[in-house]
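Trainee: Letter by letter, the chains look like this.
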Amino acid sequence: MLDLYKSKKFPDIKFYFYYSVWYWPKEDEYSHILPYKYETYKMKIYAMLEHKSQLANKFMEGDPRPFYQRATTRDGHYGQIHYSDFCEVYYLINTHNS
Amino acid sequence: MDIQANSQKDLNLFKKIIVKKDGLTYEISADRKISDLLNLILPLNIQKESFNENSTSGLKSNKQNFVFQISQNNDIKIKSVFKEEYLSGKSELEELKHPFFSNNSNPKLNSSAKLIKITDEMNIDDYFTNNVTKACFKIHDCGNSENTKIDDIKEIKKDSNEASIKEISNSILKTKLLNEKNKQTLSFENTDKILVFSPHPDDEILGACGLIYKCFTESYNIKVVYMTSGKGGGQAETRKNEAIAGINKLGGSENNMIFTNMPFYEKKDREITEDDIIHATKIIEEEKPTSIFICSDIFDPNGTHR
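So the sequences go chain by chain: F and Y. At position 90 of the first sequence (counting the first as 1) the number is 92 in our numbering, and the numbers step up by one without a gap. At position 133 of the second sequence (counting the first as 1) the number is 132 in our numbering, and the numbers step up by one without a gap.
These are calculated hints, taken from the structure and not from any lab test. Ideal placement from N, C-alpha and C gives every residue a C-beta, glycine not left out. Be aware that a few hints might be false.
What the hints assert, rightly or not - Derived pair list, reagent style BS3-like, types lysine-lysine, alpha-carbon separation capped at 27 Å:
hint, chain 1, residue 1, chain 2, residue 2
1, Y, Lys239, F, Lys44
2, F, Lys16, Y, Lys267
3, Y, Lys267, F, Lys8
4, Y, Lys287, F, Lys10
5, Y, Lys222, F, Lys11
6, F, Lys16, F, Lys28
7, F, Lys54, Y, Lys239
8, F, Lys11, Y, Lys248
9, Y, Lys281, F, Lys54
10, Y, Lys248, F, Lys44
11, Y, Lys222, F, Lys54
12, F, Lys28, Y, Lys182
13, F, Lys39, Y, Lys222
14, F, Lys10, Y, Lys281
15, F, Lys54, Y, Lys182
16, F, Lys8, Y, Lys248
17, Y, Lys239, F, Lys10
18, Y, Lys248, F, Lys10
19, F, Lys44, Y, Lys192
20, F, Lys11, Y, Lys266
To be verified - Covered by chain F, per the in silico footprint, the following chain Y stretches (three or more residues, Cβ under 8 Å):
hint, region
21, 199 to 210
22, 269 to 280
23, 285 to 292
As the list claims (entries may be wrong) - Over 10 Å on every C-beta distance to chain F, these chain Y residues come out as not near it, computed from the model:
hint, residue
24, Asn189
25, Tyr219
26, Asn220
27, Thr237
28, Met256
29, Glu265
Using the sequences and the hints given, assemble the complete structure.
Mentor: Structure representation (structure tokens):
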């Protein structure tokens with residue numbers, strides 16, 4: 003997908019990164035935030051729990067937490083930084099990396 | 000100081016940890032949220048190295064055990080190991096790569112904390128109602144203030160949805176304000192069309208669920224493109240159905256989903272070629288999005304995310 007962005011075939015489209023649960027981006031690795039409240043957090047948990055086949059999977063890095071906890075813990079971390087209950091972070095590639 | 004960790008064999012989960020120090024007893028109970036457990040342990044002013052073989056627990060399904068060791072300088076080392084590996088002595092403890100552990104400026108509670116008790120047993124509903132994860136974060140926040148007492152944390156926990164932290168150090172406030180200046184809140188127009196490319200079924204929820212839920216609840220035009228079947232991590236049909244169930248839970252439908260298999264995923268070496276670019280280009284040309292969200296993580300041990 004990044005190759006596709008770099009090809010400049012779609013110059014009018016905004017390309018954003020979102021991050022897999024493996025990674026906690028540093029401050030300069032995200033340009034946009036999406037703060038969200040506890041209600042959305044609940045929905046996120048419920049949606050994650052629908053992926054039943056993945057619930058018992060352990061992380062490759064040796065992190066002992068179930069995958070869904072890693073995601074919500076990360077969102078809580080960024081929520082703390084940005085005055086919100088939780089927060090997802092995104093990176094607008096066009097602006098910062100063109 | 001003694002540290003005891005009792006695992007409840009039937010559940011194979013951490014049930015309770017008792018820390019005795021200076022004549023005081025710290026009782027920490029938790030469910031499988033080991034990270035929360037460690038977040039609670041970390042702030043304690045631990046001075047003596049202590050390692051108890053009983054401090055292992057694990058998930059029954061994969062016989063995974065968690066071993067942790069607290070050193071004299073408060074470093075916590077942890078590793079999830081298989082029991083056989085641990086008993087054979089082949090496993091060495093590693094420092095957990097976690098921002099709370101690696102950040103030197105991480106606040107720590109002062110030793111005035113007297114008792115931390117969550118609940119004896121928790122299930123998924125408790126995960127919400129007791130809001131343990133959040134409470135743990137608040138402990139870290141509060142911990143930077145020398146005047147913070149554990150009572151503050153209890154109060155936050157009681158009213159966790161709306162409560163604010165009573166005392167936050169100026170340094171934390173300044174950091175937050177600085178960070179906020181440089182970030183924009185994600186927003187869209189009614190005319191926008193959003194495509195979220197998900198490497199596997201579940202990545203879209205893990206990384207961009209807030210975005211997807213926002214689009215559904217605020218009636219923005221959004222579709223999730225599943226780039227692979229995820230058959231490497233389970234049955235393809237099962238994972239597809241789980242993805243549908245997840246999107247349904249958020250208020251979407253199959254109309255908001257595009258299941259595709261990028262050509263690279265069918266190759267043994269998973270090499271990305273021009274065919275993959277053509278495949279993705281076709282989807283974009285058909286859907287005509289204004290914004291595209293792609294999952295990226297160059298450090299990801301799972302190569303498909305890169």
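Trainee: Just to make sure I understand the rule, a stretch counts as covered if three or more of its residues have a C-beta closer than 8 Å to a C-beta of the chain. Does the region 269 to 280 of chain Y meet that for chain F?
Mentor: holds (count 4)
Trainee: Could you grab the alpha-carbon distance between Lys11 (chain F) and Lys266 (chain Y) and see if it respects the 27 Å cut-off?
Mentor: Distance ~26 Å between Lys11 (chain F) and Lys266 (chain Y) Cα, so the pair holds.
Trainee: Taking 10 Å as the cut and beta carbons as the points, is Asn220 (chain Y) off the interface with chain F?
Mentor: holds (14 Å)
Trainee: Taking only the CA atoms, is the gap from Lys239 (chain Y) to Lys10 (chain F) under or equal to 27 Å?
Mentor: violated (31 Å)
Trainee: For the pair supplied as a hint, Lys54 (chain F) and Lys182 (chain Y), confirm whether the alpha-carbon distance does not exceed 27 Å.
Mentor: violated (35 Å)
Trainee: How about the region 285 to 292 of chain Y: do at least three of its residues have a C-beta closer than 8 Å to a C-beta of chain F?
Mentor: holds (count 5)
Trainee: Would the pair Lys248 (chain Y) and Lys10 (chain F) pass a check requiring their Cα atoms to be no farther apart than 27 Å?
Mentor: Given that 27 Å is the threshold and the Cα spacing comes to 36 Å, the pair is violated.
Trainee: Starting from Lys222 (chain Y), check that the Cα of Lys54 (chain F) is at most 27 Å away, please.
Mentor: holds (22 Å)
Trainee: Non-interface claim for Asn189 (chain Y): all C-beta distances to chain F beyond 10 Å?
Mentor: holds (16 Å)
Trainee: Does Thr237 (chain Y) sit more than 10 Å from chain F, CB to CB?
Mentor: The assertion about Thr237 (chain Y) is violated, with a minimum of 5 Å to chain F.
Trainee: Check the hint pairing Lys16 (chain F) with Lys28 (chain F) against an upper bound of 27 Å on the C-alpha distance.
Mentor: holds (21 Å)
Trainee: Take a quick look at Tyr219 (chain Y) and tell me if its Cβ sits farther than 10 Å from every Cβ on chain F, holds or violated.
Mentor: Consistent with the label, Tyr219 (chain Y) stays out of reach of chain F, its closest Cβ about 13 Å off (over 10 Å).
The structure fails hints 2, 8, 9, 15, 16, 17, 18, 27 (numbered hints given earlier, in ascending order).
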